[in-house]
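> So the chains spell out like this:
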Amino acid sequence: MAAEMALVKPITKFGCTSSSSPRRLACPKFSCVKMSAATSPSKPKKKATKTEIKETLLTPRFYTTDFDEMETLFNTEINKNLNQSEFEALLQEFKTDYNQTHFVRNKEFKEAADKMEGPLREIFVEFLERSCTAEFSGFLLYKELGRRLKKTNPVVAEIFSLMSRDEARHAGFLNKGLSDFNLALDLGFLTKARKYTFFKPKFIFYATYLSEKIGYWRYITIYRHLKENPEFQCYPIFKYFENWCQDENRHGDFFSALLKAQPQFLNDWKAKLWSRFFCLSVYVTMYLNDCQRTAFYEGIGLNTKEFDMHVIIETNRTTARIFPAVLDVENPEFKRKLDRMVEINEKLQAVGQTDDIALVKNLKRIPLIAALVSEILAAYLMPPVESGSVDFAEFETQLVY
Amino acid sequence: MLTLALGSSSAGAATAMAKVSNGVLPRAPSSASSGFGFSFRGSSLQLTPAARPISSFKAAVAADIDSNEQGPPPKQEATKYYFVIANAKFMLDEEEHFKELLYERLRLYEERDKEQDFWLVIEPRFLDNFPNIAKRLKRPAVALVSTNGPWITFMKLRLDRVLADSYEAATVEEALASNPTTLDFEKPEKWVAPYPKYEYGWWETFLPKASAESKV
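Those sequence lines, one after another, are chains A and B.
Here the first sequence is numbered in the working numbering, starting from 1 and rising by one per residue.
Here the second sequence is numbered in the working numbering, starting from 1 and rising by one per residue.
Bear in mind the hints are in silico, worked out from the structure with no lab data behind them.
All of these numbers come straight from a predicted model, not from anything done at the bench.
Every clue listed holds true.
Covered, in the sense of this in silico footprint (three residues per stretch, anywhere, with C-beta under 8 Å from a C-beta of chain A), are these stretches of chain B:
# : segment
1 : 78-87
2 : 92-105
3 : 133-140
4 : 158-172
5 : 185-198
Here are the simulated lysine to any residue pairs, SDA-like style, with alpha carbons at most 20 Å apart:
#  : chain 1 : residue 1 : chain 2 : residue 2
6  : B       : K89       : B       : R161
7  : B       : K89       : A       : R321
8  : A       : K227      : B       : A193
9  : B       : K99       : A       : Y240
10 : A       : K239      : B       : E96
11 : B       : K187      : A       : H310
12 : B       : K99       : A       : R321
13 : B       : K89       : B       : F185
All C-beta atoms, glycine included, are put in the ideal place defined by N, C-alpha and C.
Same shape as in the complex, but just chain A (with noise of 0.2 Å):
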């Protein structure tokens, strides 16, 4: 998963928004478990100097689920509908292994990683943790559906299995990354001391599809305009970023091919209200994460509202493709609503920040929540599109193809 998100976490979650550290006071912290100071150019050190674990709401999670239901779910006598040639044709292309040899370092990485330096090296390495963070959750959960899946359906086992694959050579490259800047992340201690959000399967897949498909869409926009606009190229990692992010775009046809199998969750009114649910999630933590962070995407020459709403754009697009109803994110209020989102999630941030004792901060905060919580749910209630994939007679389609 190279996306994350999290506001599906209980609002009351914004009441961990407080940062101690005055290097991070711009942006809320993740977990980090640092090996040194991001700034010093030191050699690492051996012995860790474990950073206590600060969780926000919109920190990448790790996400678990109920394991038996999904064991359920998959068994070929129980549910009929399995499309296995779909299946089938996804382990060959996941046994293909395109990036088998693609995530191959050179010295490039730490000649550039030197060369960074003040906040643009803070970013970066915000950037890195984050990214590997979220590729890490990704194996952590998939490691286990493989496992877990392999007796019921060894097809489908065998591709979670093999996307963990992916998302552990990712975030091992991520990390690598991180080394160039003399840090690494701890990622056993990781997978103890994170808190694990539990979701039920049908939200995973909804969850992860999104979290797939607009990594796809991040990755790739980064790569190309780069390519376009190659004196924003501070290091080499982008470079990485075209063949990287097919795997993205594969294991989102994997969530696909497992909501089509499912049937339950894309047709009725339910699922398009959780499909709804879950594009605005991810595209509002997303734009308030990035919106906080516009030092990143001006340090690579993009501009950070205008780049986001392109991979929101696109990627509700693809959504389309299977989620039965999707956002209107292209009319012109969405955007406007998410822009006020920003302006009141800054004032939030603010709060955090100052002096006042807890619950001073906790009554500043009661507005702004309110204010917030208002403006989703007017997003949230704006016309939806309705869509979904044409192998469902339900679809009312206009598509000469």
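Following the hints, complete the assembly by docking chain B onto the known chain A.
Just chain B now, kept in the frame of chain A:
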């Protein structure tokens, strides 16, 4: 309630209606790729029976392919070709990830020294044998053809807005024969992506050799 319509009766009928011509044998639909056994309501069909000149084109294709490729299907023996098809604008202009997938696969084949077994065919002649598909396509149409069935199933899953089926052909040039046509895509009204579109003509790499040279 919802079925994936694989090997359904309507799909079977569609293929059964395909006429035997050009040595293309009718066959039962494969469960893997006949993803068009569902009904469409309210679709506005555009029937454009294009002129199909049968010229020395085929001979030219044959000559070229014989000299440049070892030819994956052994002659005399029918090989199965799987395809997905949609209008050219969708395939070559709008779906930019499609271009990425094809180049990725080509790169892989080169890396692993594998013979190419997938092609793009503009206005394929095999469409004559699939009237039920042909009548639902905007023209010109473009097919992605491969001898690798599961890969085409995957491409159907990815592209979604395409029709899929398969056919048999004795030779690769027969399988990939096409009717020359010019492609002209209007520029998108507003292009907001922070990068330029992929260049017109990116697909030429994937056209069967001779037709690329004969300026389709």
